[in-house]
Amino acid sequence: MPHKRIFVNVAGYGGMADITEQVREIVRESGIENGVVVIFSKGSTGAITTIEYEPGLIKDLPRVLDELIPYSAYYAHHETWHDDNGAGHLKASIVGPSITVPFENGELLLGTWQQIVVINFDTREREREVIVSVLPV
Amino acid sequence: MPHKRIFVNVAGYGGMADITEQVREIVRESGIENGVVVIFSKGSTGAITTIEYEPGLIKDLPRVLDELIPYSAYYAHHETWHDDNGAGHLKASIVGPSITVPFENGELLLGTWQQIVVINFDTREREREVIVSVLPV
Amino acid sequence: MPHKRIFVNVAGYGGMADITEQVREIVRESGIENGVVVIFSKGSTGAITTIEYEPGLIKDLPRVLDELIPYSAYYAHHETWHDDNGAGHLKASIVGPSITVPFENGELLLGTWQQIVVINFDTREREREVIVSVLPV
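Protein chains in written order, with our numbering: chain W, 239 to 375; chain B, 239 to 375; chain H, 239 to 375.
With the rest of the complex left out, here is chain W (with noise of 0.2 Å):
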């Protein structure tokens, strides 16, 4: 099956979008039974990973990543481009641009309280394109 995309604004600054419900979708119009399913963030200031998708990790996750690697501090990236956005690079390598979930009988493997995540860790209010591939085992 074709590649397919999500595409959907997300905060800056380590905002997250929910997108679980779109690769379930994804994997059901597959027609594929069993298989895994790659969720690629395009972009270097995005990332993908699971979370329990709440109102306290979605303010925590941020919160603490900023206490690790602050936004206001200086950073080299800075003098290339001159833009602000150093720490939200560092962040989506860090966390990483793609994860792989396994589907069985059409119905992701993921726990209950486990949810997919883009996170748009750049300084702005971006629209995450989020590329979804479908392979079977």
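Treat the hints with caution; some may be incorrect.
[Stated by the list, open to error] Restricting the straight-line Cα-Cα distance to at most 30 Å, the calculated cross-link-like pairs of lysine-lysine (DSSO-like) are:
| # | chain 1 | residue 1 | chain 2 | residue 2 |
| --- | --- | --- | --- | --- |
| 1 | W | LYS242 | H | LYS297 |
| 2 | H | LYS242 | B | LYS242 |
| 3 | W | LYS280 | B | LYS280 |
| 4 | B | LYS297 | B | LYS280 |
| 5 | B | LYS242 | W | LYS242 |
| 6 | W | LYS280 | W | LYS297 |
| 7 | H | LYS242 | W | LYS297 |
| 8 | B | LYS242 | B | LYS280 |
| 9 | W | LYS280 | W | LYS242 |
| 10 | H | LYS242 | W | LYS242 |
| 11 | W | LYS242 | B | LYS280 |
| 12 | W | LYS297 | B | LYS280 |
To be clear, the hints were calculated from the coordinates, so they are not data collected in a lab.
Given chain W, work out where chains B and H should sit, using these hints.
Showing chains B and H alone in chain W's frame:
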């Protein structure tokens, strides 16, 4: 080949279990000569990575992560559920739920001192469920 | 298609090499039009991620990671082997050994400023071995 499951009891607060042998056995049983194997941790407080599985690093990884993201700190997550594993969720999301490892002639292409581990970042011992999916190349 | 290997000398302490062109070439040579490519770093002190590969971030990433997980600190790992790369192992495990990137019509679906890199977290320059596996969708 259908997905396979590994169930393993793992200590809390960053305990880890070496699951390399189980993954190796699943690859051999698949009868597939060349391919990749996806290893996925079900649940939002578990993570998968590779590490040199030796007594020193087994202590270092949870200690260092706890210095960066302490279990004893405040997390908004605790207000949602009145539990205490906010730090564990964050660590799991940063390390990530999945990796993909190539194999050739039925053998995993790992380094000699590189083992596949599931990490349990919850605040209690848990049986972690790991899903293993073998794909030919 | 069989797995392909990239061998590249990379400086220690978080040095990185842009391997995007080599991955692109491997995808083209495969003759597969649409699929995903798995990039895996063999060895427990190497990692794979994407980053904007420019002179600023090349300096920022190792510096920031060393502020969080200093090479000069004590690690129990050093007692096992009497070496000095405990921090490097931890950084590699957190960033992770593999990513999966989709491609379409033979072209990697990366952002314009998103490159695939292998990072060498060991304490000396090393030839890193990266395994590249192409799968059709």
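Hints and how they fare:
{"no.": "1", "hint": "W/LYS242 / H/LYS297", "in the structure": "violated, 35 Å"}
{"no.": "2", "hint": "H/LYS242 / B/LYS242", "in the structure": "holds, 27 Å"}
{"no.": "3", "hint": "W/LYS280 / B/LYS280", "in the structure": "holds, 25 Å"}
{"no.": "4", "hint": "B/LYS297 / B/LYS280", "in the structure": "holds, 24 Å"}
{"no.": "5", "hint": "B/LYS242 / W/LYS242", "in the structure": "holds, 27 Å"}
{"no.": "6", "hint": "W/LYS280 / W/LYS297", "in the structure": "holds, 24 Å"}
{"no.": "7", "hint": "H/LYS242 / W/LYS297", "in the structure": "violated, 42 Å"}
{"no.": "8", "hint": "B/LYS242 / B/LYS280", "in the structure": "holds, 13 Å"}
{"no.": "9", "hint": "W/LYS280 / W/LYS242", "in the structure": "holds, 13 Å"}
{"no.": "10", "hint": "H/LYS242 / W/LYS242", "in the structure": "holds, 27 Å"}
{"no.": "11", "hint": "W/LYS242 / B/LYS280", "in the structure": "holds, 24 Å"}
{"no.": "12", "hint": "W/LYS297 / B/LYS280", "in the structure": "holds, 23 Å"}
In summary, the numbered hints that this structure violates are 1, 7.
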